[in-house]
Each structure stands twice: as C-alpha cells, then as structure tokens.
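J.: If you want the building blocks of each chain, they are given just below.
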Amino acid sequence: MASSKLAARSIRNHAKYKGRNDLNIVPMIDMMVILVFFLLFTAVFSNTNILELNLPAPNSSVPELPKGLNLEVIVRQNGIEIADRNSGVLRTLPKKDGEYDYKGLSEFLQFVKSKYSDTLAASVLLEPNIPYDVLVQTMDNTRVWQNGSGPSLQNVELFPDISVGDAPLTGAAAGGGK
Amino acid sequence: MALVPFIDMLTMLVVFLLLHSSDVEILPNTKQITVPQSIAELKPRETVVIMVTTEDLLVNGRVVAKVKDVNSTSGDLVIPALRDALKEQNDTSLRDTAQQDLADREVTIMGDKGTPFTVLKRVMATATAADYGKVSLAVMQKEVEVGAGA
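In order, the protein sequences belong to chains A and B.
Just so we're aligned, residue 895 is where the first sequence starts under our numbering, counting upward by one.
Just so we're aligned, residue -14 is where the second sequence starts under our numbering, counting upward by one.
The reader is advised that the hints may include incorrect statements.
Cross-link-like lysine-lysine pairs, in silico, PhoX-like; alpha carbons within 20 Å at most [unchecked claim]:
1. K1007/A / K997/A
2. K98/B / K72/B
3. K72/B / K106/B
4. K98/B / K989/A
5. K28/B / K127/B
6. K127/B / K997/A
Pulled from the structure, derived: some chain B residues nowhere near chain A, Cβ distances all over 10 Å [what the hints assert, rightly or not]:
7. V48
8. V49
9. D54
10. A66
11. D69
12. K98
13. G99
14. K106
Hint data in this document are derived by calculation from the structure and do not stem from the laboratory.
Positions of the beta carbon are idealized from the N, C-alpha and C atoms, including for glycine.
All chains, please: the whole structure from these sequences, using the hints.
T.: The following block contains the structure:
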C-alpha cells in the first residue's frame, strides 16, 4: 500500500514540476524567517558589565598603612572631598546645581596622578544615604579619565584599585574608614 | 525570480543577528531595577547574583529579605538571612574548584540606582562574611555618544 502511495506521489510531483528547472526556495524562506524572529527575540541590546571591588576579608587584620599617598575620595551629602589619610583633606568640591562635581573630581585626580604616578589604590568612602548611582559614577571617575571624544576616545588609567568604605564623620580628623 | 533580493536581505539579517548573539546574557534582565551606567568594560562572569531592588533582596532570583528591614544603621552589619542563602549557594551552584579556594568565590551585586549606601554596605559585609572573596558590581554599559564610531 505504502509503496503505491509513494509511487503515486512521485508521479504527481513529476507531472507538477515538469518543464520547471528552478529551485523550490519557499521552504528555505520559511526557515529564514523563523531564524530571524528567533534571533531577534534572543538578541541582547543592552550590555551589562561589572566593576570589580577590592574588599578585605572579614578576618584579616587592619593592614599597615603604606607610606606615601593614601588617597581617599569622600562622598558627602553636600559634595565630594579628596583627602590623603596621612595629611588630611586636599580639596573640597561642593555640589554644583544639586549635582556632584565629577568633572572637578576627575581633573583634580589627574593632577594627583601626575604627582604620584605609581599609586594605583584609592578608597571611596561614602556617607550612609548616598545612592548607589553616585558610588558607581565616583568609581568611574576615580578609575579612569576619558580623554578626547568620539573615535579618538582614550581611557587613561588613574586609580583602578578601589576600596569602598564608610565616610568619616564630619569634623573628625580624616581617616578611620571602615 | 522576484524573491531573490528578499532572500539576500534575510540572509544578511540572519548573519548579522548570529554575530551579535554571540555574547550570551549572563546577568538576569529585569524591568524592576535600573542599574547605573558606567564606562566599565569588564564582562560579567558566571557567579552568584545578589539583586537589590527597591523592595526586596534576592539571591539568584529568590527573595531572602526586605530592603526596608535592612536599611537601618543600628545593629549588626551582617544580614543573617542573606548570609544563610549565600552559604547555601556555596554548596550548590558554584564550581567545585571554587569551593576549594575561598578567594575565588565570586558574587555580583545588581543594585538599583537609588539603593542607599547603608544597604549596599551591609550586603557587601554579608558577602565577605559568607566567604566570598570577590565582589563585583553590575553596571550598564554607557551608550556611546552619537557620531562616535565603534
């Protein structure tokens, strides 16, 4: 029975395609359309990346402060302070129009980097209610300096080794980050 | 045949999309939170994910605590519920090699833009208390300005 069915179909197809010598591309188009839709729906258009943090292990003792610069970027409710743990506040950048002065921060850190080119570590210290976004922006500006614009954009490394901690209380001597 | 240009376009689309789907999505994509934008270029790796939304604290998609309860300066830094959940993840989803080496255990924190630092600090303290050596923050890649070539 089956063989006669097959034979019938063979004859029918033979009659149908008689005299036509182009390929039947319709199934291929079907597959293509399905593929396009599948890939469109699985495509990722927003790239998520990560920022690595330098956190101490909970049981490690407080390390000896290295000599030289111990850079601290302190984010407060009313502005950003740049300080050295040994010598105190270096520069205070108040908020401009309710926004933190990231440009000023970047410029001052470039200046610090030009003086201490070997230093890679910095601490970002925040007051309790600072939003996460501010932390990330501050870290960005502390890590690298974006030079130029458009295709000639370069990332110049500033202080990529960042620790995060609590801001010391206002009025208290600089230092004592957690 | 009139279909040929159409097939050409489809082929191009398929190839384009195939090339662009090569970077696999590792971090979960959520509408609930807005991750801050950054210029960081490091690609995410397969790790345990702690998500901090405006309301809940999730570990690999499971709710473990409420942000409201965590956001207080008083008391211990470590969040017990989160620590327990993280310890559990240690034993199940991490690679065997990482289980041997504490410093290689990684956790990625996905936080909403507005998360206060108090919450973030407690989450990070808990992560280190649960023997995770590396903590990373998830960020969105900043869009390149118009006119800047790739």
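J.: Next step is simple, just say for each hint if it's right about the structure.
T.: Consistency of the hints with the structure:
no.: 1; hint: K1007/A / K997/A; in the structure: holds (15 Å)
no.: 2; hint: K98/B / K72/B; in the structure: violated (27 Å)
no.: 3; hint: K72/B / K106/B; in the structure: holds (18 Å)
no.: 4; hint: K98/B / K989/A; in the structure: holds (19 Å)
no.: 5; hint: K28/B / K127/B; in the structure: holds (14 Å)
no.: 6; hint: K127/B / K997/A; in the structure: holds (17 Å)
no.: 7; hint: V48; in the structure: holds (19 Å)
no.: 8; hint: V49; in the structure: holds (19 Å)
no.: 9; hint: D54; in the structure: holds (16 Å)
no.: 10; hint: A66; in the structure: holds (18 Å)
no.: 11; hint: D69; in the structure: holds (16 Å)
no.: 12; hint: K98; in the structure: violated (4 Å)
no.: 13; hint: G99; in the structure: violated (5 Å)
no.: 14; hint: K106; in the structure: violated (7 Å)
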